Amino acid sequence: MTEILNQFDPISLEEMGGIRLMNRTDTKFVTTKDRLLQLLRLARYDYMAQEIDGRRVAAYYTLYFDTARHDMYLAHHNGRLNRQKLRIRSYVDSGQNFLEVKTKNNHRRTKKKRVGMHGFDPLDPHYDIRFDSSGPDGETYWGFLAQNLRYSIEELAPRQENRFKRITLVNKGKTERLTIDTDLRFRNIGNGVTAELDNLVIIELKRDGLVESPVLGMLRQLRIKPMGFSKYCMGVAMTNDKVRQNRFKTRIRAIEKMIKSCQ
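Per the numbering used here, the sequence shown runs over residues 10 to 272.
By construction, these hints were calculated from the structure, which means they are not laboratory data.
As the structure is a computational prediction, the values presented were derived from the model and not from experiment.
There could be a bad hint or two in this list.
Said to hold, decoys possible - Think about it this way: if two alpha-carbon atoms lie no more than 30 Å apart in a straight line, the pair counts; the simulated BS3-like pairs of lysine-lysine are:
| hint | residue 1 | residue 2 |
| --- | --- | --- |
| 1 | Lys111 | Lys251 |
| 2 | Lys215 | Lys120 |
| 3 | Lys120 | Lys269 |
| 4 | Lys120 | Lys240 |
| 5 | Lys240 | Lys215 |
| 6 | Lys215 | Lys251 |
| 7 | Lys215 | Lys113 |
| 8 | Lys269 | Lys122 |
| 9 | Lys240 | Lys121 |
| 10 | Lys181 | Lys215 |
| 11 | Lys121 | Lys269 |
| 12 | Lys258 | Lys240 |
| 13 | Lys174 | Lys240 |
| 14 | Lys266 | Lys183 |
| 15 | Lys234 | Lys183 |
| 16 | Lys234 | Lys269 |
| 17 | Lys251 | Lys266 |
| 18 | Lys37 | Lys215 |
| 19 | Lys215 | Lys122 |
| 20 | Lys181 | Lys251 |
| 21 | Lys258 | Lys42 |
| 22 | Lys234 | Lys42 |
| 23 | Lys42 | Lys183 |
| 24 | Lys215 | Lys266 |
| 25 | Lys181 | Lys269 |
| 26 | Lys183 | Lys258 |
| 27 | Lys269 | Lys183 |
Stated by the list, open to error - DEER-style ranges, computed between Cβ atoms:
| hint | residue 1 | residue 2 | range |
| --- | --- | --- | --- |
| 28 | Gln156 | Gly182 | 29 to 37 Å |
| 29 | Gly63 | Pro134 | 24 to 32 Å |
| 30 | Lys181 | Arg139 | 42 to 50 Å |
| 31 | Lys37 | Asp141 | 14 to 22 Å |
| 32 | Lys120 | Gly226 | 27 to 35 Å |
Glycine residues also receive a C-beta, built at the ideal position from the N, C-alpha and C atoms.
Go ahead and model the full structure; you've got the sequences and the hints to work with.
Right under this line is the structure:
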């Protein structure tokens, strides 16, 4: 993987900040690591790889919050178009942490609001987090959530965490980003059950409207097809047999079959 990534032209984090996809559409694809290697070989002349401090693969950590009834999970499971997720997203290598609210509207557009999260360590996370107006940053977090979240803040608690590694590619025209997530690890906070998807790869194409994308032809060539994949929802479904998961079962079976084909 490293050898192939090093063949890509680099793009810095500062340059990435200048790429604003104002009319963004997102499409996810699910595949395996062997197919990913083939895709990277095809894409190396059309895309640049994000590089931070000499690294082209970054470590991520996410802690998701929900109600005791798993209302956010169920909204997704039940197909509600207007839904939200609340999480702490950590960029492990840089030490940056953010409290984020993701909102998907009725037009299937996703908007993300976030504020810096201080004093959080993804290498030694604590799960007794409650958002109130006390503490040095309490009013900041409370005000942020009161403004952006539709759920009762008092009902929220950490429910699920994940870890993964991410590669970020940008096309030479700077009209799209391609995030590639590998080595997914899920852990349920309540029961301690874990799930590891070592050979699975989640690719997300984020492009400006419906502009032509070099990678779409490569994905078709490799028979890598679109598939919805919410890390939070799939993590919950794979580690908690007490919640409804009927609508995710077909997807879970397809993923298990995909992983088994690599063994």
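Hints, verified against the model:
With a CA separation close to 25 Å, the supplied pair Lys111 and Lys251 stays within the 30 Å bound. For the proposed pair Lys215 and Lys120, the alpha carbon gap of about 13 Å is at most 30 Å, so the pair holds. For the suggested pair Lys120 and Lys269, the alpha carbons sit about 35 Å apart, so the restraint of at most 30 Å is broken. Among the hinted pairs, Lys120 with Lys240 is consistent with the structure: their alpha-carbon atoms are about 17 Å apart, no more than 30 Å.
Our distance criterion of 30 Å between C-alpha atoms is met by Lys240 and Lys215, whose separation comes to about 17 Å. For the given pair, Lys215 sits about 34 Å from Lys251 by alpha-carbon distance, which is inconsistent with the 30 Å threshold. Pair hint Lys215 plus Lys113 holds up; C-alpha atoms about 15 Å apart against a cutoff of 30 Å. Restraint check for Lys269 and Lys122: the C-alpha separation of about 38 Å exceeds 30 Å, so the hint is violated.
Taking the CA atoms of Lys240 and Lys121, the gap is near 16 Å; set against the 30 Å cutoff, the hint holds. About 14 Å separates the Cα atoms of Lys181 and Lys215, which keeps this hinted pair within 30 Å; it holds. With a C-alpha separation of about 35 Å, the suggested pairing of Lys121 with Lys269 is violated against the 30 Å cut-off. Between the alpha carbons of Lys258 and Lys240 the distance comes to roughly 15 Å, so the proposed pair stays at or under 30 Å and holds.
With a C-alpha separation of about 13 Å, the suggested pair Lys174 and Lys240 falls inside the 30 Å cut-off, and the hint holds. Between Lys266 and Lys183 the alpha-carbon distance is near 35 Å, which puts this suggested pair outside the 30 Å criterion. With a C-alpha separation of about 23 Å, the suggested pairing of Lys234 with Lys183 holds against the 30 Å cut-off. For the suggested pair Lys234 and Lys269, the alpha carbons sit about 18 Å apart, so the restraint of at most 30 Å is met.
A hinted pair counts as satisfied when its Cα atoms are at most 30 Å apart, and Lys251 with Lys266 qualifies at roughly 23 Å. For the proposed pair Lys37 and Lys215, the alpha carbon gap of about 9 Å is at most 30 Å, so the pair holds. Taking the CA atoms of Lys215 and Lys122, the gap is near 17 Å; set against the 30 Å cutoff, the hint holds. For a cut-off of 30 Å, the pair hint linking Lys181 to Lys251 is broken: about 46 Å separates their Cα positions.
Between the alpha carbons of Lys258 and Lys42 the distance comes to roughly 23 Å, so the proposed pair stays at or under 30 Å and holds. A hinted pair counts as satisfied when its Cα atoms are at most 30 Å apart, and Lys234 with Lys42 qualifies at roughly 15 Å. Between Lys42 and Lys183, the direct Cα distance comes to roughly 25 Å. Compliance with the 30 Å bound is thereby established for this hinted pair. At roughly 27 Å between alpha-carbon atoms, Lys215 and Lys266 fall within 30 Å of each other, so this suggested pair holds.
In summary, the hint linking Lys181 to Lys269 is not supported, as the alpha carbons are separated by about 35 Å, beyond the 30 Å threshold. For the suggested pair Lys183 and Lys258, the alpha carbons sit about 37 Å apart, so the restraint of at most 30 Å is broken. Of the pairs offered as hints, the one joining Lys269 and Lys183 is violated, with about 36 Å between alpha carbons and a cut-off of 30 Å exceeded. At roughly 36 Å, the beta-carbon separation of Gln156 and Gly182 lies within the given 29 to 37 Å, and the hint holds.
At about 27 Å, the CB distance of Gly63 to Pro134 agrees with the hint of 24 to 32 Å. At about 46 Å, the beta-carbon gap between Lys181 and Arg139 stays in the expected band of 42 to 50 Å. Checked against the hint of 14 to 22 Å, the pair Lys37 and Asp141 fails, with Cβ atoms roughly 35 Å apart. Lys120 and Gly226 have their C-beta atoms about 30 Å apart, which keeps the hinted 27 to 35 Å range intact.
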